[in-house]
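Using the sequences and the hints, build the whole thing.
Sequence lines, in order, name chains H and W.
If you're matching positions, the first sequence starts at 1 in the UniProt record's numbering and goes up one per residue.
If you're matching positions, the second sequence starts at 1 in the UniProt record's numbering and goes up one per residue.
Because the hints were derived from the structure by calculation, they are not lab data.
Keep in mind it's a predicted model, so treat the numbers as computed, not measured.
Virtual Cβ for every residue (Gly too), placed ideally from N, Cα, C.
Hints may contain errors.
The calculated DSS-like cross-link candidates involving lysine-lysine, where the alpha carbons are at most 30 Å apart (straight line), are [stated by the list, open to error]: (1) W:LYS238 to W:LYS280; (2) H:LYS95 to H:LYS223; (3) H:LYS163 to W:LYS247; (4) H:LYS234 to W:LYS192; (5) W:LYS71 to H:LYS223; (6) W:LYS116 to H:LYS234; (7) H:LYS159 to H:LYS223; (8) H:LYS73 to W:LYS117; (9) W:LYS280 to H:LYS159; (10) H:LYS309 to H:LYS73; (11) H:LYS73 to W:LYS116; (12) H:LYS73 to W:LYS173; (13) H:LYS302 to H:LYS234; (14) H:LYS302 to H:LYS52; (15) H:LYS223 to W:LYS255; (16) H:LYS352 to W:LYS15; (17) H:LYS223 to H:LYS234; (18) W:LYS12 to H:LYS336; (19) W:LYS116 to W:LYS183; (20) W:LYS192 to H:LYS223; (21) W:LYS138 to W:LYS168; (22) W:LYS280 to W:LYS168; (23) W:LYS255 to H:LYS163; (24) W:LYS192 to W:LYS168; (25) W:LYS183 to W:LYS173; (26) H:LYS302 to W:LYS117; (27) H:LYS336 to W:LYS15; (28) W:LYS15 to W:LYS5; (29) H:LYS352 to H:LYS336; (30) W:LYS247 to W:LYS138; (31) W:LYS280 to H:LYS234.
In silico negatives: residues of chain W with every beta carbon more than 12 Å from chain H [stated by the list, open to error]: (32) LYS12; (33) PRO176; (34) THR246; (35) GLN329.
Output of the computed footprint for chain W on chain H, the stretches with three or more beta carbons under 8 Å from beta carbons of chain W [stated by the list, open to error]: (36) 20-29; (37) 104-110; (38) 116-129; (39) 234-245; (40) 296-310.
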Amino acid sequence: MFAYYIQLGLRSLRRNPLLTALMVMAIGFGVAASMTTYSVFRATSNNPIPDKSSQLFVPLIDNWGPEDAAQNKGEPPEAMSYTDAMGLMRDHRGKRQTALYPVAPSVIPADASLLPIRESSYAVYADAFAMFNVPFLYGGAWQSADDEAHAATVVIGRKLNDKLFNGANSVGREINLDGRNYRITGVMDTWDPQPLFFDPVNTSGFGDPIQLFIPFTRAIDLKMATNGNNNCNKHAGEGWDAWIRSECVWIQYWTELPDETAAAGYRDYLRGYAAEQQRSGRFHWAPNVRLYNVPQWLDHEKVVPQEAKVSLLVSLGFLLICLVNTVGLLLAKFMKRAPEIGVRRALGASRKEIYAQFLIEAGTVGLAGGLLGLLLTGVGVFGVTLVFDPDIARLARLNVSLIALTLLVAVLATVLAAFYPTWRAAQVQPAWQLKSN
Amino acid sequence: MLQIKPILAALKRHKAGTILIALQIALTLAIVCNALFIIQQRLDRIARPTGMIETDLLTLQNRWVGVDDEKTGPLIRADVQAIRQLPGVEDAISINSYPLRGGGWSTGVRTNPDAKKSETHTTQYFVDDHALATMGLKLVAGRNFRSDEIVEMDPKAVVASSQIMVTKTLADKLFPDGSGLGKVVYVDDGTKPSTIIGIVERLEVPWNSSWSDTFLDNAVLLPYQLTGGGTSYMVRSKPGQLAAITKSVPETLYKLNRMRVIPSERGVRTYDVVRAQAYKSDRGMAILMGVVCLVLLAITAAGIVGLTSFWVGQRRKQIGVRRALGATQRDILSYFMTENLLIGVAGVVVGALLAIGMNLWLVTQFEMARLSLVYVAVGVVALLLLGQGAVLAPAMRAARVPPVEATRSV
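Next comes the structure, spelled out in C-alpha cells:
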C-alpha cells in the first residue's frame with residue numbers, strides 16, 4: 001500500500017504542477033534559509049572541548065571595586081592583573097593551572113633570503129597542553145621545571161613545522177624568535193578548537209589556529225607586551241615594571257578542577273584570596289569573585305555573534321510562514337479532491353487509509369522541497385561569506401549531518417503541516433459527495 | 001462596500017482558509033517590519049562618516065622583528081621619511097590606530113582634576129604635524145601641531161600632553177557653550193593639564209562595534225610618536241596614484257629594512273578595503289534581510305494566489321448564479337478584492353501587534369533599538385497592496401465566469 005500511495009502522491013503532484021511548484025518552493029526556501037543560518041549558529045555555539053568543558057574553569061577576581069563593576073552588572077573584569085595571576089599560580093590550588101596571554105613574536109627563518117613570519121602565538125605554562133588536550137605530532141609539552149627556569153623552549157604547530165622544517169620531526173632543534181633561539185619540545189598536530197575557548201576576550205572567539213606557544217615566565221622576562229587587550233581603570237604608571245605591578249588586566253587564567261567538590265573548594269579559595277587582599281589593604285571592598293566553566297565562559301563572553309542569532313531567528317520565522325503557506329495550499333489541494341475521497345470512502349476505505357494516503361502525499365511534497373532546500377542550502381552555505389567574518393564563515397559547512405537534517409526537517413515539517421488538511425480530507429462525508437454528483 | 005455582510009457570511013464557511021491567509025499576512029508583516037528595521041539600522045551604521053577624506057588613502061601594519069620595543073623610534077622615523085619622499089605620495093604618518101581599524105586606546109577625560117569620575121570617554125591618536133594633511137581632517141578652530149612640538153614616546157610611559165587637538169564633538173561635550181578652544185582638560189585620569197590648541201570637525205574612534213557608540217566621535221590627538229613593537233602607517237597618495245603606491249610603499253619599506261613583518265592579510269589595505277571589511281557583517285546582514293523580505297513577500301503572495309484560486313474554483317456555480325441574477329463582472333471582481341481586503345486588514349492588525357512584540361523581545365535580547373512605527377505603517381500598506389495585487393488575477397478569472405455556469409451541474 002505504501003508504494004501505491006507514493007505513486008498516487010507523485011501522480012497528484014503532476015496533476016497540479018503550479019500548486020505543487022509553489023509548495024515545493026516554499027518548503028525549499030524555508031528549509032534552506034533555516035539550515036544555512038543554523039549551520040553558522042551550530043559552528044559558533046559549538047562545544048570546543050566536550051570531554052573537559054565542565055572541568056576547565058576561568059576564575060575572575062574583582063580588583064577594580066564596585067564602582068567599575070557597577071558599569072558591568074557587578075561582574076569583575078574579564079581578565080586578570082599580573083599580581084592576581086601570579087598569586088593564584090603560586091597557590092597552585094587546581095589540579096592544573098595556567099596563566100596565558102597573546103604575544104607577537106616573529107619567526108626569523110634560518111634561510112636568510114626568506115622574510116620573517118608572524119603566527120598567532122601565546123605565552124602559557126606547561127600545564128596548558130594537558131589541560132586543553134593539545135594533540136602532539138612529535139614530542140610534547142615542556143616541563144614545569146622549564147617554567148621555573150624561564151627556559152627558552154617552544155611548542156610549534158604543524159603548519160609552522162611544515163613551513164620551517166618541511167614537516168620533519170623538529171623536536172630538539174631550535175628556531176629563532178625575534179633574534180633569540182628557542183628549543184622545540186613538541187610539534188602539535190592540527191589543533192583548531194572553535195570557538196577558541198581559552199581566549200574569547202582577545203580573539204572574539206574565532207581565528208586562525210595557534211602556531212606557537214612559549215613559556216609565560218620567559219615572555220615576562222623578555223617584557224613581551226600583550227598582543228591583546230590591556231584594560232586599566234587608572235593610569236598604570238610609566239614603564240614595564242609599573243605596568244605589571246598595576247591593576248591593569250590583560251591575563252587570562254585557567255584552572256582544571258576534576259569534579260564539583262574541587263570546584264566548590266576552589267570557589268572558597270577564591271573568596272579567601274580576595275578577602276586576604278582586602279585585609280592587606282589592596283582591595284577596599286568585599287570579595288567579588290567568579291568561577292566559570294567553558295560553556296558558561298563562552299556564554300558570558302557572548303561568543304555566538306549577534307548576527308548568527310538574529311538571522312537564525314528570522315529564518316525560523318521564515319520557515320514558519322512557509323509552513324502556514326503550505327497548510328493553506330495543501331488544504332486547497334486536498335479539498336479539491338473531495339469527490340475522489342468520497343468515492344474511496346464509499347468503496348470501503350477507512351479514515352485511517354485516507355490519513356495514510358494524504359500524509360504520504362504530503363511527505364513526497366516535503367521530500368521534493370527538501371531536495372530543493374538542499375540545493376539552496378549549498379548555495380547559502382557558500383554565500384555566508386557575504387554576511388559573516390571569514391573566520392566564522394569558514395566554520396559553516398554542508399556535511400552529512402546537515403544534509404540529513406535538511407531533508408528530515410523538510411519532510412517532518414511538511415507532514416506536520418499536512419495534519420490539518422488531512423484531517424479535513426478524512427472528514428469528507430462519502431454520501432454527501434456522491435449525492436452532489 | 002454593501003457587500004461586506006455577505007462576504008463575512010461566506011468567510012465563515014471558509015474559516016480555515018481565512019485564518020491561514022490572515023495568519024500568513026500577520027507573520028509576514030511582523031518579520032518584514034523587523035527585517036526592514038534591521039536593514040535601516042545597518043545602513044545607518046555603514047553611512048557614518050569617519051571625518052577623513054577616504055579616497056587616495058593607504059594603510060599599512062608594520063611589526064618590527066628583533067628590535068627592543070623602546071628602540072624602534074629611529075626606525076619608524078626613517079620609514080615615514082622614506083614614504084614621504086616616494087613619487088606619488090602626498091603625505092604620510094605613523095599612528096597607533098585609525099578609524100574602522102579596531103583596536104586602539106580609550107580613556108576618560110575630565111575638566112576638573114579633582115572630579116572622581118571622568119565626564120566622557122575618548123580615544124587617543126598619537127600623531128605628528130602631518131596628520132591633518134594625511135588623514136584629510138578639517139581643522140575648524142585653533143592650529144595644528146608644530147613639528148618642534150612632536151615628542152617620541154614609549155607606549156608604556158605615555159603621560160598627558162600639554163597641547164592636544166580634539167574633535168568638535170568632544171570639545172562641545174566638555175564645554176557645551178562652544179568655548180573649548182584654549183581650555184584645559186585632563187586626559188587619562190592624570191592630573192597633568194592639556195590645553196586644547198586645535199579643534200577638528202570630525203574624527204571617529206577606531207572601533208565600530210556597539211560598545212563605542214556612546215563616544216563614537218570623541219577623539220584626542222596627541223603630538224607623540226610612539227615607539228613599540230608595532231605601528232600603523234597612513235599614506236595619502238597624489239590623486240590617481242593610489243594603485244601605484246600600494247605596490248611601491250611596502251617594497252620601499254622592505255628595501256629599507258628587512259627585519260619587519262607586514263602581514264599578508266590586512267597588512268596593506270587601501271581605505272576602501274578597510275571600510276568594506278569593517279562593515280562587512282553590517283552590509284551582509286542588510287543584504288540577507290533584504291533577500292529574506294523579498295522571498296517572504298513572494299511566498300505570501302503566491303499563497304494568496306493559490307488559496308483564492310481554489311475558492312474561485314469552488315464557487316464557480318455561485319458566481320454563475322450571481323451573474324445570472326444581474327451582478328456585473330465589476331461586482332464579482334470587487335467581491336473578491338473586498339474579501340481579500342477584509343482578511344488583509346485582520347492580518348495586518350494582528351501583524352502590527354506581532355511586529356511590535358517581536359521588536360520588544362529583540363530589544364531585551366540583542367541591544368537593538370525600538371522599532372519606529374513608520375516601519376509598521378509602511379509594512380501594513382505594503383502587505384495590503386501585495387494582497388490586492390495577488391488576488392487580482394484569480395478575481396479577474398472569477399469575473400469572467402459566464403452566467404450560464406449557473407445552469408450547469410459540476
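For this structure, which hints from the list above don't hold up?
-> 31
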